[in-house]
Amino acid sequence: MSTHFVGLSIGVLFVGAITLRRINERTNVARWAALLSVIAFGLVTTSALSHLFQVGQSTQSTHDPISLALSWAATLALVSVSLASPRADLTAERISRSFALVALF
Amino acid sequence: MQRTELLALLAALSVLPLASRGRVVVLPIVGTAFLSAGLFWLARAGVPLFRPRELAPPGAVALVLLGAWMRIGLFPFHGYVPVLFERSHPSKAAVAFVANPGMLILMRVLTESAWDLGISGKVLMVVAAISGLYAAFLCIGQSDLLRAVGFQAVASTSMIVAGLCSREEAGAFGAILHATGSGLFVTGLALVAWGVKARLGTSPGTATPGIASAAPHAAAAFLLFGLAAAGFPGTLGFVSEELLLHGVIEHHPVTGTLIVLTTALSAIAMLRLFFLVFYGAPNTRGRSAAFAPTVPIDLFPREKLAFGALLVVIFGLGVMPAPALSILHSVTDNSALHHQQSGETP
Numbered sequence: 024m025s026t027h028f029v030g031l032s033i034g035v036l037f038v039g040a041i042t043l044r045r046i047n048e049r050t051n052v053a054r055w056a057a058l059l060s061v062i063a064f065g066l067v068t069t070s071a072l073s074h075l076f077q078v079g080q081s082t083q084s085t086h087d088p089i090s091l092a093l094s095w096a097a098t099l100a101l102v103s104v105s106l107a108s109p110r111a112d113l114t115a116e117r118i119s120r121s122f123a124l125v126a127l128f
Numbered sequence: 003m004q005r006t007e008l009l010a011l012l013a014a015l016s017v018l019p020l021a022s023r024g025r026v027v028v029l030p031i032v033g034t035a036f037l038s039a040g041l042f043w044l045a046r047a048g049v050p051l052f053r054p055r056e057l058a059p060p061g062a063v064a065l066v067l068l069g070a071w072m073r074i075g076l077f078p079f080h081g082y083v084p085v086l087f088e089r090s091h092p093s094k095a096a097v098a099f100v101a102n103p104g105m106l107i108l109m110r111v112l113t114e115s116a117w118d119l120g121i122s123g124k125v126l127m128v129v130a131a132i133s134g135l136y137a138a139f140l141c142i143g144q145s146d147l148l149r150a151v152g153f154q155a156v157a158s159t160s161m162i163v164a165g166l167c168s169r170e171e172a173g174a175f176g177a178i179l180h181a182t183g184s185g186l187f188v189t190g191l192a193l194v195a196w197g198v199k200a201r202l203g204t205s206p207g208t209a210t211p212g213i214a215s216a217a218p219h220a221a222a223a224f225l226l227f228g229l230a231a232a233g234f235p236g237t238l239g240f241v242s243e244e245l246l247l248h249g250v251i252e253h254h255p256v257t258g259t260l261i262v263l264t265t266a267l268s269a270i271a272m273l274r275l276f277f278l279v280f281y282g283a284p285n286t287r288g289r290s291a292a293f294a295p296t297v298p299i300d301l302f303p304r305e306k307l308a309f310g311a312l313l314v315v316i317f318g319l320g321v322m323p324a325p326a327l328s329i330l331h332s333v334t335d336n337s338a339l340h341h342q343q344s345g346e347t348p
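Protein sequence lines correspond, in order, to chains A and B. Going by my numbering, the first sequence runs without a break in its numbering and finishes at 128. Going by my numbering, the second sequence runs without a break in its numbering and finishes at 348.
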């Protein structure tokens, strides 16, 4: 199951990166696309990493707490960057690159 | 594919945001390569990441620790962090700081599997604490706001690593909470600084005339994020630093003292920068230089929304930390560190 989640995460990575690169010319679209993509990707990767780290642990909780806390913090921080960054087009490009790193969480 | 191999692959992918056109940050990329190589070595040796260190090849353990140390940017590999904040795009620096694979791996091996590093662990703890003090000291002397935020980031991560290396349950608990909180307030500080830089055309620093009257919301946001970084009561920074210090200082008084000094210097640095950048350096007559922009330079609504969301979380969890504490309690309750200290069998 965790492998499937990671595979899905990496798939979203490339689709998101390509999409955001294509729409960079329209900065407002890029800003909102970056924002929504970060939120969606944060949700997917929270599940992915939670399941990845959950295997073999004695805890019976649904989510791995470290993955949950850090991925929420990272997602909120990236959402803020998407909203407040002075250059929306660059933000979209950089965040598209950052998908791989968010996938780690 | 094993979990450790998956982690190694994902850690290797994490260099993608750091590689950009024209400027490549070498140190974290090399660190990530070491980290991934160490994880692959562990996987190939048939030793999962969450097993006691004694079962793992020493070379793989050394590679994982060295890679994590470089990727996090602790002394003597700290130089790239302020440069990243000063010269690169906000998203690049923010991502490198808040979603750091080196920190994630250290948290895993030092809490859940409780790698007993022996005397090396104690040395790493003291070096991390000194790294934080050094970064906070350098932060005071900075004339560039973005660079100062970078040093504040190094000070925060150093305290987190010192707490993790202490092998104390409360210290590790506080460190995980501080990692969450510092990701928020460092991002907030950096975004305010970048916003001011975008408006002034130059990075705000001690030579900038005071802009608080022209940008009062930006000034307030910077002050509130700065207070969180300084561990002011009522903020998430206070809760996490209190927990971290409580866990460390009882059995490691020297490290605890270094952490206290780091917090104090961080507070001095943040307040000094706030007054210098937003109220201006006093001129020869003892008055701050005036600044009269021809266009509005205060925060846009979308920026207020972004900073407001960060501040709600920072102050909300600072006043009512129970939700965050209850989530993270299960980490330490199920960690090998907890079982070791309580004498239970995991």
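Bear in mind the hints are in silico, worked out from the structure with no lab data behind them. The reader is advised that the hints may include incorrect statements.
What the hints assert, rightly or not - Selected chain B positions facing chain A (Cβ under 8 Å, derived; list incomplete):
(1) V100
(2) L119
(3) A181
(4) E305
All values derive from a computational prediction rather than experimental measurement. Glycine included, C-beta positions come from ideal geometry on N, C-alpha and C.
Status of the hints after comparison with the structure:
For B/V100, the interface hint holds, since its Cβ comes within 8 Å of a Cβ in chain A; the closest pair sits about 4 Å apart. The beta carbon of B/L119 comes no nearer than 20 Å to any beta carbon in chain A, farther than 8 Å, and the hint placing it at the interface is violated. Of the supplied interface hints, the one on B/A181 holds, with its beta-carbon coming within about 7 Å of a beta-carbon of chain A, less than 8 Å. Residue-level restraint check for B/E305 holds (minimum Cβ-Cβ distance to chain A is 4 Å; threshold 8 Å).
Checked against the numbered hints above, the structure breaks only hint 2 and satisfies the rest.
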